[in-house]
Amino acid sequence: MREITFSKALREALIEEMERDPNIILLGEDIGVYGGVFKVTDGLLDRFGPERVRETPISEAGFIGAAVGMAMTGKHPMAELMFMDFAWVAGDQIFNQAAKMRYMSGGRVKVPMVIRTQQGGGRGNAAQHSQSLETVFTHIPGLKVVVPSTPYDAKGLLKTAIRDENPVVFFEDKMMYNLEGPVPDEEYTIPFGVADIKRAGTDVTIVATSSMVHVALGAADLLSEVGISAEVIDPRTMYPLDTPSLVDSAKKTSRAIVVDEGYERYGVTAEIASVMADGAFYYLDAPVKRMGAMDVPVPFSPALEDLTVPTEASVADMAKTLCGKV
Amino acid sequence: MREITFSKALREALIEEMERDPNIILLGEDIGVYGGVFKVTDGLLDRFGPERVRETPISEAGFIGAAVGMAMTGKHPMAELMFMDFAWVAGDQIFNQAAKMRYMSGGRVKVPMVIRTQQGGGRGNAAQHSQSLETVFTHIPGLKVVVPSTPYDAKGLLKTAIRDENPVVFFEDKMMYNLEGPVPDEEYTIPFGVADIKRAGTDVTIVATSSMVHVALGAADLLSEVGISAEVIDPRTMYPLDTPSLVDSAKKTSRAIVVDEGYERYGVTAEIASVMADGAFYYLDAPVKRMGAMDVPVPFSPALEDLTVPTEASVADMAKTLCGKV
Amino acid sequence: MTLERDDLLQMFKTMLLIRHFEEQCVEFYKSGEIHGSLHPCIGQEATAVGACVALRRDDYMTCTYRGHGQALAKGLDPKQAMAELLGRKTGCNQGKGGSMHFTDPDIGLLGENAIVGAGVPIAVGAAMTAQLDKTDRVAITFFGDGAVNQGAFHEAMNMAAIWDLPIIFFCENNLYSEMTPIKDMVNVAQLADRAAAYGMQAVTVDGYDPIAVYEVTKAAVDRARGGEGPTFIEAMTYRLFGHMVGDAEPYRTKAEVEEWRKRDPITTFPKQLIDKFGFTKADIEAVTAEVEAELAEISRFALESPWPDVSKIAEDVFAA
Amino acid sequence: MTLERDDLLQMFKTMLLIRHFEEQCVEFYKSGEIHGSLHPCIGQEATAVGACVALRRDDYMTCTYRGHGQALAKGLDPKQAMAELLGRKTGCNQGKGGSMHFTDPDIGLLGENAIVGAGVPIAVGAAMTAQLDKTDRVAITFFGDGAVNQGAFHEAMNMAAIWDLPIIFFCENNLYSEMTPIKDMVNVAQLADRAAAYGMQAVTVDGYDPIAVYEVTKAAVDRARGGEGPTFIEAMTYRLFGHMVGDAEPYRTKAEVEEWRKRDPITTFPKQLIDKFGFTKADIEAVTAEVEAELAEISRFALESPWPDVSKIAEDVFAA
Ligand SMILES: Cc1ncc(C[n+]2csc(CCOP(=O)(O)OP(=O)(O)O)c2C)c(N)n1
Ligand SMILES: Cc1ncc(C[n+]2csc(CCOP(=O)(O)OP(=O)(O)O)c2C)c(N)n1
Ligand SMILES: [Mg+2]
Ligand SMILES: [Mg+2]
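Residue numbers (the working numbering), protein chains in the order written: chain H, 7 to 332; chain S, 7 to 332; chain P, 4 to 323; chain C, 4 to 323.
Hints are not guaranteed to be accurate.
[To be verified] Within a straight-line C-alpha distance of at most 27 angstroms, the following computed DSS-like cross-link-like pairs (lysine-lysine) qualify: (1) S:326 / S:204; (2) P:137 / H:116; (3) S:116 / C:137; (4) S:180 / S:258; (5) C:92 / P:186; (6) C:315 / S:116; (7) H:116 / P:82; (8) S:45 / P:279; (9) H:180 / C:33; (10) P:186 / P:16; (11) P:279 / H:116; (12) C:33 / C:92; (13) C:257 / C:33; (14) S:116 / C:33; (15) S:45 / H:326; (16) S:204 / S:257; (17) S:180 / P:33; (18) P:137 / C:186; (19) H:45 / C:92; (20) P:315 / H:116; (21) S:45 / P:33; (22) S:45 / S:14; (23) H:257 / S:45; (24) S:45 / P:257; (25) C:186 / C:257; (26) H:257 / S:116; (27) S:116 / C:92; (28) S:14 / S:180; (29) H:45 / C:315; (30) C:257 / H:45; (31) H:331 / H:204.
The set of hints was computed from the structure by calculation and includes no laboratory data.
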């Protein structure tokens, strides 16, 4: 199978879907002439014109609000939030409007829209440009939340997101755009709420999301060197969450770690750990462990930044402790 | 001891602290002439004048941002967010600015400010005026989060909040303002990070926050009728969280339920349940259970609203199940 | 369309219906039938009706928690509206939204909104749809004076201006935002002065004169339909009731209220109909009787309507 | 204060220091010494220096990720600045903030900011402190043309206007917000036109003329100190470098850049000093040599500085 980058996989999904459905409209800052600061929308302005690739002022509340209005009137807007951190200036339109509109209307309207955004550390962008805020989005009812970790998943899940009739938030990881991976030429989609076992194993379950999938896979390699067989499982969507698969894996291995790049405290690892601890209670040999980002705003210095997130070594160490191999 | 309302306890704390420290400045909508829509600041304009009780335009991002600037330059502002739901229009100033400023500056500045706000359902205010968003605030490093459940706690914790040198978010419950309770005449403060056992018990631990403390106490009454002794423990501050006390209680009773009015999914109950499940792993007879609000925007109809949050009966039922008494 | 004689009487009828409807709401609130917060538009009926008469049923609209009058004027079934206020299954939102969230896509109503300023960008999005689809629909967004200090308002105004969108920004300047006088919260003489910052056409109108409101709105709608872009309308109006039921009104004087009450459109407009347009007292009385009968039916319908199905509580979060 | 001859030379020196400092940053970025995003103000030195000369050291200031020049002009130690960019312990923020977050309360710098528009209300708060304390300090907030479309800007402008705050809103209109021409994003001829919406005094100035910038800023500062309230300044300027290191600049022509480069203040201002103010070529050369020596020392200091203490990574989230 051909290998393409994460970024190209996303662009293909956008192009194919925009060709299919003329109601899909992109909105965002610098997405046109420049093709987006991470180049995901490169070439789309030429292809689809300025009405469908609409460059906006620096008015996130304004254009996400406009996307809500477009979605309620028959369009399928896709708003690009250049950095997830900017969700905070558009919070009302995302969390009070897009997420709640259908329910408040008693099902009278629907709000089919996608917010594509980009998250995570690793680029020295410091505290206001490096957050992983999936917890906030998954906590609020009314939004679906997608966190792809491979080019294959990215393309298939983005297509599903675009075809969904609800507000979907799609999180890309800023360090992953150049990651290459196999993506078939043929059309495919990936359903929401289906976790993917990225590596099968028997001794310990590592649930990992987005960028942390690769960290977990690296950890699994390290673990195999010391005779520990780790299963790496990627929920792919945070909501809906494939609880049964996660619980089954924990039942099978009887030990589990949950790894995510968001702040650990009151973060998504807590939800996942607690549903696993509940569902697999009588099977667990040890408490479910959580590993997220340190409880600090992301520091700038390269001497500090990477220390705030889980690494292959730290995840492997945790697994060894759980398996009694230290 | 005299009994006063929750609202009066808060007002006393404000008055005493404002008398003590001229740098304390209140900011907010309708807090002056009207005394605040929940009347907490009643009379303060007359007492302290318009410079210290500053009525603002409907510009939450603007005046919370201004509070950040005041705090960085020597004042101790207290911004009132009329409903917590409005945090979403001021999110950037709360989460990207107030919370991160000190860390980003490498400790060069401090941001001593309080955001007082009001939360919860029960008044038919529907989806955009009934949220309990403590999860969002506790997830972001740099904020302290206070959730008092009694007039006594409200006064003592608000004084501590005001004397803290950091951004503190103080959540009042809209149904609790008229709740009466004992409050001493003498000056006192309550330290952050110290949970309070609201009722001691031996068979099951119920961790409950804010309004849910009263639900838990009611449940404990119901449980005592069937011979189950429930311990009700109130963390009082979500961050810092008194993990040792919670874990100790779970170790003692070997069964635990966490009850909170926020959305259950990816909510604070997950954090608390998972730290308890981890810390008391070898003592627990059953999985730690979580009870939060249903995973829906708060519905308006009185026929629906109350069904979305835990009740005395539902908490008692859960406890009975855990104790094998159903 | 210019207003015909019949339109005028119909306008009065709608205004009166709104007034009686809201007075009934206040009663229901006091008797405990209506929960939550209730923000009557009593005194502001002329803006709602004057503006909505200039619109087509398929035009888009957003408004605020104070939008009952606008919703009814745009065509919302008053029975469904009242049932919604009572939290019943037959409400326009099945009881899930309530007073602050009336929504009805059949009449283009994309929601009242409980967040100040939030409906403004949403209406901008609807106008974008209309522009893209070349349907010649327009969008209107109603908001209060206090909303002009909210960031979302600003961002939305600018987007509409740069994209020449078919939208009318309709500001009901009732002098107060909750309990705060707007004059303390802006540094301009008229809120219409704000529009210049966006290069947008603007006009201030007497919001107690339904015909004047109709005329400026009609002109703005014509411009929008003709592709000439957005207009900001500031209508000077006044609520004869408090901000919400329960408001003790310490922030304004009785004399001020009385001054405005003299101009109450519900009493002055019928006089005008008689004096200037040749209607008779009997015409007015007939309309009044009709409204009273309708209202009795509305209340009965709402009171007798069933409660929402508890088993459906978790439905409608997502579309299938 | 009016500008003395020595002030002029000092202004040039600061401008040159900023230019060389930033050119060095670009080098360090390319060689991998500087991580993250880097947004040089190359070409915009005249606004930074012209404005900051009109301020006192104890005046408050907020700026943006493009604020290195302003920070240096306000008095930030360039060694600490460079060390911060390299993520070192000796940086003004101990390496925790980086390029977009220089902060130094000793010179009133309340932070650059990585969120467009966010520094604007923060400066309003500082101006409130000054007004409350009657210290006669003023606040200045620097932001770009793109920021005028952000809600926080709007809310802050309004608050400053209604409360007559001692603050200067300094908009560097460099024609682009990232890769987007501002002319497509507003519907007014000059951004200064926005100020009328708030009843605020405004002026547009040539941002490539440091003396003109000084003069309008000085007038605004005097008004603010005198209790006469806020001023909005729009300085027309241009970045001679891209938005950030790595910007391929497809959105503007080489010819446009060359047109502005002809007026580059770093080359035109010294000419003006010689032609109009009687300085000699030797004066300029002496300053240039000084700056070069300083810069060598700055770079050496930064490169030799230690990394932050890993054990202190979790410190500074909260004050004790
Ligand atoms: C963002 C936000 N802030 C504050 C409120 C609380 N609030 C509800 S109505 C209101 C006053 C609005 O005044 P105005 O815009 O003049 O409308 P009016 O009520 O007079 O029709 C306020 C402050 C809110 N709902 N949303
Ligand atoms: C709220 C927000 N939206 C978007 C961005 C991304 N961004 C960074 S700089 C920039 C352009 C700002 O342009 P302008 O205000 O003109 O300042 P300049 O960079 O030209 O100095 C954008 C869109 C951001 N940092 N914050
Ligand atoms: Mg008003
Ligand atoms: Mg710019």
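Consistency of the hints with the structure:
This hinted pair checks out: residue 326 (chain S) and residue 204 (chain S) have alpha carbons roughly 20 angstroms apart, not beyond 27 angstroms. Distance check on the hinted pair: residue 137 (chain P) and residue 116 (chain H) sit about 22 angstroms apart at the alpha-carbon level, within 27 angstroms; holds. Taken as a hint, the residue 116 (chain S) and residue 137 (chain C) pair is honoured in the structure, with Cα atoms around 22 angstroms apart against an allowance of 27 angstroms. With a CA separation close to 34 angstroms, the supplied pair residue 180 (chain S) and residue 258 (chain S) exceeds the 27 angstroms bound.
In summary, the hint linking residue 92 (chain C) to residue 186 (chain P) is not supported, as the alpha carbons are separated by about 50 angstroms, beyond the 27 angstroms threshold. Note on residue 315 (chain C) and residue 116 (chain S): the hinted pairing holds, with a Cα-Cα distance of about 17 angstroms set against a maximum of 27 angstroms. Restraint check for residue 116 (chain H) and residue 82 (chain P): satisfied, since their Cα atoms lie roughly 23 angstroms apart, inside the 27 angstroms limit. With a C-alpha separation of about 48 angstroms, the suggested pair residue 45 (chain S) and residue 279 (chain P) falls outside the 27 angstroms cut-off, and the hint is violated.
In summary, the hint linking residue 180 (chain H) to residue 33 (chain C) is supported, as the alpha carbons are separated by about 20 angstroms, within the 27 angstroms threshold. At roughly 33 angstroms between alpha-carbon atoms, residue 186 (chain P) and residue 16 (chain P) are farther apart than 27 angstroms, so this suggested pair is violated. In summary, the hint linking residue 279 (chain P) to residue 116 (chain H) is not supported, as the alpha carbons are separated by about 47 angstroms, beyond the 27 angstroms threshold. Between residue 33 (chain C) and residue 92 (chain C) the alpha-carbon distance is near 22 angstroms, which keeps this suggested pair within the 27 angstroms criterion.
The straight-line distance between the Cα atoms of residue 257 (chain C) and residue 33 (chain C) is roughly 22 angstroms, inside the 27 angstroms bound, and the hint therefore holds. Taken as a hint, the residue 116 (chain S) and residue 33 (chain C) pair is broken in the structure, with Cα atoms around 34 angstroms apart against an allowance of 27 angstroms. Between residue 45 (chain S) and residue 326 (chain H) the alpha-carbon distance is near 57 angstroms, which puts this suggested pair outside the 27 angstroms criterion. The suggested pairing of residue 204 (chain S) with residue 257 (chain S) holds, with an alpha-carbon distance near 17 angstroms, which does not exceed 27 angstroms.
Proximity of residue 180 (chain S) to residue 33 (chain P) is assessed by CA-CA distance (about 20 angstroms); at most 27 angstroms being required, the pair is judged to hold. For the given pair, residue 137 (chain P) sits about 25 angstroms from residue 186 (chain C) by alpha-carbon distance, which is consistent with the 27 angstroms threshold. At roughly 34 angstroms between alpha-carbon atoms, residue 45 (chain H) and residue 92 (chain C) are farther apart than 27 angstroms, so this suggested pair is violated. With a C-alpha separation of about 17 angstroms, the suggested pairing of residue 315 (chain P) with residue 116 (chain H) holds against the 27 angstroms cut-off.
As the CA atoms of residue 45 (chain S) and residue 33 (chain P) are separated by approximately 21 angstroms, the hinted pair is consistent with the 27 angstroms bound. Taken as a hint, the residue 45 (chain S) and residue 14 (chain S) pair is honoured in the structure, with Cα atoms around 9 angstroms apart against an allowance of 27 angstroms. For a cut-off of 27 angstroms, the pair hint linking residue 257 (chain H) to residue 45 (chain S) is broken: about 53 angstroms separates their Cα positions. Distance check on the hinted pair: residue 45 (chain S) and residue 257 (chain P) sit about 22 angstroms apart at the alpha-carbon level, within 27 angstroms; holds.
For a cut-off of 27 angstroms, the pair hint linking residue 186 (chain C) to residue 257 (chain C) stands: about 19 angstroms separates their Cα positions. Restraint check for residue 257 (chain H) and residue 116 (chain S): not satisfied, since their Cα atoms lie roughly 47 angstroms apart, outside the 27 angstroms limit. Between residue 116 (chain S) and residue 92 (chain C) the alpha-carbon distance is near 19 angstroms, which keeps this suggested pair within the 27 angstroms criterion. About 14 angstroms separates the Cα atoms of residue 14 (chain S) and residue 180 (chain S), which keeps this hinted pair within 27 angstroms; it holds.
At most 27 angstroms may separate the alpha-carbon atoms for a hinted pair to count; residue 45 (chain H) and residue 315 (chain C) exceed this at roughly 37 angstroms. The hinted pair formed by residue 257 (chain C) and residue 45 (chain H) meets the criterion: a straight-line CA distance of about 22 angstroms does not exceed 27 angstroms. Taken as a hint, the residue 331 (chain H) and residue 204 (chain H) pair is honoured in the structure, with Cα atoms around 23 angstroms apart against an allowance of 27 angstroms.
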